[in-house]
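In short: position in the sequence shown from 1, add 104, done, that's our numbering.
Misleading hints may appear alongside valid ones.
As the list claims (entries may be wrong) - What follows is a list of derived Cβ distance ranges for each label pair:
| # | residue 1 | residue 2 | range |
| --- | --- | --- | --- |
| 1 | THR152 | LEU124 | 29 to 37 angstroms |
| 2 | HIS154 | ALA122 | 36 to 44 angstroms |
| 3 | LEU151 | ALA122 | 32 to 40 angstroms |
Hints were generated in silico from the structure; no laboratory data involved.
We put the CB at the ideal spot given by N, CA and C, even for glycine.
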Amino acid sequence: MALVSLLTSTVLLHFHGALLGVHFGRIDTVFTVAALLVTAAGLFSLLTLHPPPD
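Construct the complete structure from the given sequences, taking the supplied hints into account.
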């Protein structure tokens with residue numbers, strides 16, 4: 105959380121981007137990266153964890 109706060113207030117302070125006509129800023133970037141990490145963790149656990157025995 106501290107790292108995200110530091111990045112948001114310093115490195116990403118004047119960040120503005122656009123992708124396919126959608127404009128996003130620093131807070132949008134933080135939430136997008138967090139969502140991608142959660143999705144990647146879910147896919148990783150889905151592929152690596154074995155189902156429980158019957």
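These are the hints, each one checked on the structure:
1. THR152 with LEU124: 29 to 37 angstroms: holds, 33 angstroms
2. HIS154 with ALA122: 36 to 44 angstroms: Distance hint for HIS154, ALA122 holds at roughly 43 angstroms.
3. LEU151 with ALA122: 32 to 40 angstroms: Check passed, 33 angstroms falls within 32 to 40 angstroms.
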